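2 protein chains.
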Amino acid sequence: MLRKIYNEELVNGQCYGNLHYLCKNIGQRLSGSPNAQKAVEWGKKLMESYGFDHVFLQEVMVPHWVRGEKEQGVIIDGKTRIPVHIAALGMSVATPKNGITAEVIELHSLKELDSLGESKLKGKIVFFNRPFDQRFIETFRAYGTAGDQRNQGPAAAAKFGVAGVIVRSLSSTTDDYPHTGATKYDPNGGNIPAAAISTKAADQLSSLLKKNPSLKLYFKQNCQMLPDVLSYNVVGELKGTENPNKFITVGGHLDSWDLAEGAHDDGTGVMGSVEAVRILKALGYRPRNTIRAVFFMNEENGDRGGIKYAELAAQNKEVHLAAIETDAGGFTPRGFGFTGLSTDQLKNLAAWKTLFAPYGSDKLTAGGGGSDISPLKEKTPGVVLIGLSPDSQRYFDIHHSANDVFENVNKRELELGAASMASLIYLIDQHGFSAGN
Amino acid sequence: MLRKIYNEELVNGQCYGNLHYLCKNIGQRLSGSPNAQKAVEWGKKLMESYGFDHVFLQEVMVPHWVRGEKEQGVIIDGKTRIPVHIAALGMSVATPKNGITAEVIELHSLKELDSLGESKLKGKIVFFNRPFDQRFIETFRAYGTAGDQRNQGPAAAAKFGVAGVIVRSLSSTTDDYPHTGATKYDPNGGNIPAAAISTKAADQLSSLLKKNPSLKLYFKQNCQMLPDVLSYNVVGELKGTENPNKFITVGGHLDSWDLAEGAHDDGTGVMGSVEAVRILKALGYRPRNTIRAVFFMNEENGDRGGIKYAELAAQNKEVHLAAIETDAGGFTPRGFGFTGLSTDQLKNLAAWKTLFAPYGSDKLTAGGGGSDISPLKEKTPGVVLIGLSPDSQRYFDIHHSANDVFENVNKRELELGAASMASLIYLIDQHGFSAGN
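Sequences listed follow chains A and B, in order. Just so we're aligned, residue 1 is where the first sequence starts under the working numbering, counting upward by one. Just so we're aligned, residue 1 is where the second sequence starts under the working numbering, counting upward by one.
It is worth saying that the hints were derived from the structure and are not from the lab. Each hint can be trusted.
Label-pair restraints from in silico Cβ distances:
{"hint": "1", "chain 1": "A", "residue 1": "187", "chain 2": "B", "residue 2": "431", "range": "56 to 62 Å"}
{"hint": "2", "chain 1": "B", "residue 1": "38", "chain 2": "A", "residue 2": "284", "range": "58 to 64 Å"}
{"hint": "3", "chain 1": "A", "residue 1": "350", "chain 2": "B", "residue 2": "228", "range": "54 to 60 Å"}
{"hint": "4", "chain 1": "B", "residue 1": "7", "chain 2": "A", "residue 2": "148", "range": "21 to 27 Å"}
{"hint": "5", "chain 1": "B", "residue 1": "11", "chain 2": "A", "residue 2": "365", "range": "22 to 28 Å"}
{"hint": "6", "chain 1": "B", "residue 1": "38", "chain 2": "A", "residue 2": "211", "range": "34 to 40 Å"}
{"hint": "7", "chain 1": "B", "residue 1": "45", "chain 2": "A", "residue 2": "72", "range": "40 to 46 Å"}
{"hint": "8", "chain 1": "A", "residue 1": "49", "chain 2": "B", "residue 2": "213", "range": "33 to 39 Å"}
{"hint": "9", "chain 1": "B", "residue 1": "76", "chain 2": "A", "residue 2": "283", "range": "40 to 46 Å"}
{"hint": "10", "chain 1": "A", "residue 1": "190", "chain 2": "B", "residue 2": "7", "range": "39 to 45 Å"}
{"hint": "11", "chain 1": "A", "residue 1": "12", "chain 2": "B", "residue 2": "3", "range": "42 to 48 Å"}
{"hint": "12", "chain 1": "B", "residue 1": "366", "chain 2": "A", "residue 2": "350", "range": "20 to 26 Å"}
The following residues of chain A were derived to be distant from chain B, with all beta-carbon distances above 12 Å:
{"hint": "13", "residue": "93"}
{"hint": "14", "residue": "112"}
{"hint": "15", "residue": "431"}
These stretches of chain B come out as covered by chain A in the derived footprint (C-beta under 8 Å, 3 or more residues):
{"hint": "16", "segment": "128-137"}
{"hint": "17", "segment": "354-360"}
{"hint": "18", "segment": "390-398"}
{"hint": "19", "segment": "402-412"}
Small disclaimer: the values here were computed from a predicted structure and weren't measured. Backbone N, C-alpha and C fix where the C-beta goes; we use that ideal spot for every residue, glycine too.
Could you put the whole structure together from the sequences, leaning on the hints where they help?
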């Protein structure tokens, strides 16, 4: 069966063409935007066109943050003015109309804020400049350990009366593209403007600060938060012949950041998810349990779609056997990570490892999942959360930046991911995770 | 030690910068060309700059084929003329000055030549149009099974008095770029002009032929074979402290096709090979056996450098323990293939598999090597031939085409390959392949 699945996908695969449509005919689709709505409508039609048994939308209110005009950043070093590439962090507030001009304090950790204290920070721009630790083989670990600067840095710095925060882009590479991403303010604290700066400009700023610690940075952005908007998760099902109320979910998120086309993040995820179900249908497979492809809305700046999906699952008393998330890029799949399996069940994966070996997706490891499916853990106890693990080397070169475009996706890599997920769904549907497989 | 090797490379890696120089400051370097000579001189200086114990050149006479003016191809379908992208196959002869215009016979295998016979083929253009079989997970297998059309197709067709041969580009993708590559004439047969056509144009030509089997194709090329030229392999050594006359070789080929920059084929191979040795030196490692980085010359259209290297090894009574070739692109390494190990020795690799697992290069399999090192098998019996196995999904999108440029190489993917090879060299140097490891 796995050979049939891979053959169907590598010969008749449609996800690459679908991704092209999503990226080029719709494009960026930040939650609450008109494009996000277009993507919902197109995604529903796509699932309907595949003849899934049931296709429906789940209503969900989502935040509506808009970037506004292109941001400006300038290093003012004496009489020299050096423009730098910046992009407001998602959910950030605007600067005052005339921007912010202030001296810059370069920090490498949030802890340093405490040691410096308000006297040295007040009125300054805090510049978090800790780069990725390149020694990690998996780049997600480098992202994980650098991420506090963007996620919590602005909120932490706000407590010391700083004027603004600039964060080194969370990227594996050194280039001129700022990488945006959500930051989280303290609900009780001050909201200060925060932006990402390209890694190249960050290096430049750091180097100039060493020579002239009193240089200034100017930056201006007029992003804003608008009222919440009604949006949707898109769901398509192949009904289970034996257990229609037991579910295996596979999904990614339909929303994307606004600087590019959301190709790898997470166009490949949604197109790969619907493709996994399409493959099984194309092969005439009649599942025992209900199989669902889900396009989650609002993973990037709120996770509202994932939360809503889990709430509805609990409300409708659905039994969720497993949920697979694909939100790590459409690169060659290496395997899957599993959360919620017992030690014995993890051992049972050895048989599947052998099945996956000819296809290269045989790293079946403990630990895995994703933001969209994680609320299911609490709401539908017993669910096994699974994350597709693609090769991670290129992901953070383009993640959340203007380079996240269709051209950076390889057809076969994307197809192998879809086939891997279809294979795993088939195995779970047939065997579950019991010792019997 | 492996952790140290990977850290050194991921933090201080130089191969990406070196590759940039090779691609952008030298560029294409087909055997016998002035650029190939520049690459030899620069390569030698690079090795010297790393302070290797001994850096030297090995003289080798190489073929000197030149493409000449850009080729022209036009489908003549009644009054409609459709230009198509073609590129002469390497080693092909020119067309007559005014080009060739003839009817086209589309074939999918060399066998079909026999069944059609001279009466149906004479004076026609044979168009080999069998695409890659996408069902192979490893794209090298698809390349292998389609390759006879380019390698032997023109020689086989020449026996039937055809006017010329057009070959569908050996590529995983459908686009407008022709992929060149060597063809081999029968020394006793007629040499007819042969060119590759882009996959997109091949599909178009095939589709038009179905409607109008008597359409004609025009193509023109003025490539030629010049007299052989003196060129060189570039060799750099770290001398063995215990066994200076026992060698572990790591290499790729310095020559490249002429349509682009030879980035993945095989700039990443040569820069990765010298980097593997640089890493060991940077860590202060004193090898037991002599470790050699080799830039082989003329892999693409003659293999003369590899043959010469093996001849000199035999002549100098060198004992070659192992030779590692990297000529499959600078993509994320998945492991190595080994030729020449006993069953017991293959079993012993299990221990190394465990060591490589955290770095993802743990597919250690039977069978592997490469064109440049294969002559060592006969000339230095007992040598273990090893090929680095990177992820293969993207390779044939760009292989031998105008897309084989630096921009398509990822820094970390290249670095992981270099670190994998340095690690393997270290393990072989310390433990050999005996049961004792």
